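Read off the chains here:
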Amino acid sequence: SQQGEEDPQALSIQEGENATMNCSYKTSINNLQWYRQNSGRGLVHLILIRSNEREKHSGRLRVTLDTSKKSSSLLITASRAADTASYFCATESTGSGNTGKLIFGQGTTLQVKP
Amino acid sequence: EAQVTQNPRYLITVTGKKLTVTCSQNMNHEYMSWYRQDPGLGLRQIYYSMNVEVTDKGDVPEGYKVSRKEKRNFPLILESPSPNQTSLYFCASRAGGGETQYFGPGTRLLVL
Chain A
1 SQQGEEDPQA
11 LSIQEGENAT
21 MNCSYKTSIN
31 NLQWYRQNSG
41 RGLVHLILIR
51 SNEREKHSGR
61 LRVTLDTSKK
71 SSSLLITASR
81 AADTASYFCA
91 TESTGSGNTG
101 KLIFGQGTTL
111 QVKP
Chain B
1 EAQVTQNPRY
11 LITVTGKKLT
21 VTCSQNMNHE
31 YMSWYRQDPG
41 LGLRQIYYSM
51 NVEVTDKGDV
61 PEGYKVSRKE
71 KRNFPLILES
81 PSPNQTSLYF
91 CASRAGGGET
101 QYFGPGTRLL
111 VL
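So the protein sequences, as listed, match chains A and B. Numbering follows my numbering, in which position 23 of the first sequence is assigned residue number 23; successive positions increment by one, without gaps. Numbering follows my numbering, in which position 64 of the second sequence is assigned residue number 64; successive positions increment by one, without gaps.
Calculated from the structure, these hints are not laboratory results. Computed from a predicted structure; not experimentally measured. Don't take each hint at face value.
Unchecked claim - Mimicking PhoX-like on lysine-lysine, the simulated pairs with C-alpha atoms at most 25 Å apart in a straight line are:
hint	chain 1	residue 1	chain 2	residue 2
1	A	Lys101	B	Lys71
2	B	Lys57	A	Lys26
3	B	Lys18	B	Lys69
4	B	Lys17	B	Lys57
5	B	Lys65	A	Lys101
6	B	Lys18	B	Lys65
7	B	Lys57	A	Lys101
8	A	Lys56	A	Lys101
9	B	Lys18	B	Lys57
10	A	Lys101	B	Lys69
Said to hold, decoys possible - Residues from chain B that keep clear of chain A, each with C-beta distances beyond 10 Å, as calculated:
hint	residue
11	Leu11
12	Gly16
13	Leu19
14	Met27
15	Pro61
16	Tyr64
17	Arg68
18	Glu70
19	Ile77
20	Asn84
21	Gln85
22	Leu112
For every residue, glycine included, the Cβ atom is placed at its ideal position computed from N, Cα and C.
The whole structure should be built from the sequences, with the hints applied where relevant.
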């Protein structure tokens with residue numbers, strides 16, 4: 001079952017603006033990961049945040065995690081046309097044992113206009 | 001370069017004709033898995049493997065088989081493909097004690 005719900009489903013912004021995407025989940029998690037997918041191609045790992053972390057940065061990316069609300073957000077600052085892609089959150093639940101199973105959200109499609 | 005590779009990248013086949021999608025990783029990862037991605041359903045795990053000769057079902061294993069004879073390879077086998085297996089397939093790997101999963105480039109399969 002897909003426990004990740006992402007919001008918005010689609011986002012269109014101008015180059016240079018910030019983009020914020022949200023993800024909600026249902027179960028207790030070990031970690032939450034964000035991936036990028038360009039137009040039906042491969043998944044590129046962006047950033048991982050553990051359940052005991054609240055915020056993490058990587059370059060122009062900032063991820064927050066609120067385990068009490070079971071939600072996360074991904075902020076891309078100073079967006080570029082090359083950031084145009086679909087973004088997915090994926091959770092590894094505490095109940096997954098050693099299966100390593102990731103449960104993916106439906107994704108947010110980001111369009112950055114030049 | 002550390003990577004997960006899949007072959008073929010694109011495949012068109014007919015119902016009932018057995019096919020294999022190969023997956024290989026060069027990172028010496030213990031854990032490997034297969035996902036399929038479908039519009040409106042997102043990515044769902046098909047099978048996973050914790051190590052050589054250790055495999056188990058994911059959420060949607062029906063119609064698929066896997067094997068893990070070597071650490072680096074984890075082929076996905078469709079013994080008798082059906083049109084509902086038309087999808088985009090991803091292989092992923094992860095180190096035994098790690099958290100980050102690395103995905104292959106995907107295999108787009110069309111079953112007529």
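Hint check:
| no. | hint | in the structure |
| --- | --- | --- |
| 1 | Lys101/A with Lys71/B | 19 Å, holds |
| 2 | Lys57/B with Lys26/A | 22 Å, holds |
| 3 | Lys18/B with Lys69/B | 20 Å, holds |
| 4 | Lys17/B with Lys57/B | 23 Å, holds |
| 5 | Lys65/B with Lys101/A | 17 Å, holds |
| 6 | Lys18/B with Lys65/B | 11 Å, holds |
| 7 | Lys57/B with Lys101/A | 11 Å, holds |
| 8 | Lys56/A with Lys101/A | 22 Å, holds |
| 9 | Lys18/B with Lys57/B | 20 Å, holds |
| 10 | Lys101/A with Lys69/B | 21 Å, holds |
| 11 | Leu11 | 15 Å, holds |
| 12 | Gly16 | 26 Å, holds |
| 13 | Leu19 | 20 Å, holds |
| 14 | Met27 | 13 Å, holds |
| 15 | Pro61 | 12 Å, holds |
| 16 | Tyr64 | 15 Å, holds |
| 17 | Arg68 | 14 Å, holds |
| 18 | Glu70 | 19 Å, holds |
| 19 | Ile77 | 20 Å, holds |
| 20 | Asn84 | 18 Å, holds |
| 21 | Gln85 | 17 Å, holds |
| 22 | Leu112 | 19 Å, holds |
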